[in-house]
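**Student:** Construct all of the structure, not just a fragment, from the sequences and the given hints.
Here is how the chains run, residue by residue.
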Amino acid sequence: MTNPLHLQANYNEFNSLIDTFKEIGKTILIDFTTYKKCYGILCELIDNIKHHGSSISQEESLVTITFDANNCTFCARNVVNEKAKKSLTNRINYINRSSKDHLHQARKLLVKHGTTNSDSTGLGLLVMKQKAQNELKYTFAPYKKPEYYLFELIIDLSSIHEYALDSTSQQTAIH
Amino acid sequence: MNTLSIPPHSRQPYIEFDPSILLFRIGGESRPENTKAFYKPIIDWVHEFEQELIKTTNTPKQLTVEVEMHYFNSSSLKSIFEVLDAIIGLQKHNVKVTVKWFYEGDDEDMLESGESLEDMLEFQFEYVPR
Chain A
19 MTNPLHLQAN YNEFNSLIDT FKEIGKTILI DFTTYKKCYG ILCELIDNIK
69 HHGSSISQEE SLVTITFDAN NCTFCARNVV NEKAKKSLTN RINYINRSSK
119 DHLHQARKLL VKHGTTNSDS TGLGLLVMKQ KAQNELKYTF APYKKPEYYL
169 FELIIDLSSI HEYALDSTSQ QTAIH
Chain B
14 MNTLSIPPHS RQPYIEFDPS ILLFRIGGES RPENTKAFYK PIIDWVHEFE
64 QELIKTTNTP KQLTVEVEMH YFNSSSLKSI FEVLDAIIGL QKHNVKVTVK
114 WFYEGDDEDM LESGESLEDM LEFQFEYVPR
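For the record, the sequence lines run as chains A and B.
For what it's worth, the working numbering labels the leading residue of the first sequence as 19, then goes sequentially.
For what it's worth, the working numbering labels the leading residue of the second sequence as 14, then goes sequentially.
Heads up, some of the hints might be wrong.
[Unchecked claim] Dumping the calculated PhoX-like pairs for lysine-lysine here, alpha-carbon to alpha-carbon at most 20 Å:
1. K113(B) - K74(B)
2. K104(A) - K163(A)
3. K40(A) - K149(A)
4. K126(A) - K74(B)
5. K113(B) - K68(B)
6. K49(B) - K130(A)
7. K155(A) - K118(A)
8. K49(B) - K68(A)
9. K130(A) - K53(B)
10. K130(A) - K118(A)
11. K103(A) - K163(A)
12. K101(A) - K68(A)
It is worth saying that the hints were derived from the structure and are not from the lab.
**Tutor:** The following block contains the structure:
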């Protein structure tokens, strides 16, 4: 039984997290294509937080990557307001219930005709679903400020490890 | 017109457009802090080039686009689409455009990205594995 490798970064450490992932991802993941898909998901998660997260509490923003047995799990957390909560819920539910072909058509429409910031959030979520080929999981937890929520987005990729992880549990905080 | 030349950076691609040999090249990684601000001068440059093209004689020309991206994020996808769409649009001025899409042989993700853009642009690419 192997123990997970865990990478974690807060808002000010996102660029370092990308650099660290570039260094270790190619040695852990099963092939170059999988590495590229994971890299793409990581960049999209960070972009979404940077461009669309609420600015009232950047200190709550966090991205983690856990390599565990046959899975790679990405988790992104940030604070959003009531309007963003509704929009994200609608978009993620729509993306999760759409077929592969439908997502392809939706992406095409957003690229050719989408103009708003909200559209670019939708495009990022859609691209992550296409890369992961797994459902986007999410939660909204109450936040200390009224009408704001702690949004958590979780993305799993399965069967993607090249090498067994070290038997010693590893946790890396990015500084 | 002068050559358009933007050097690569960790988050932004290199851009080279030499109008004297009608070769446009873009490559590297694209996830700029401000995607629209990065790509706007490039799209403007293509539109200026189009105006220059209209002034010249209508002899047939061949323009080649070489794309050699390693990664681009979803907001860059929209901007790269706009750049390529503007260049492909030059065909109405008697310019034959060829888009060569270079990718690492085992990088299916980037191949799929090319195929997706090809579909969006409704324009056939040439795929060149490295």
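**Student:** What are the numbers of the hints the structure violates, in ascending order?
**Tutor:** Per hint list: 4 and 5 violated.
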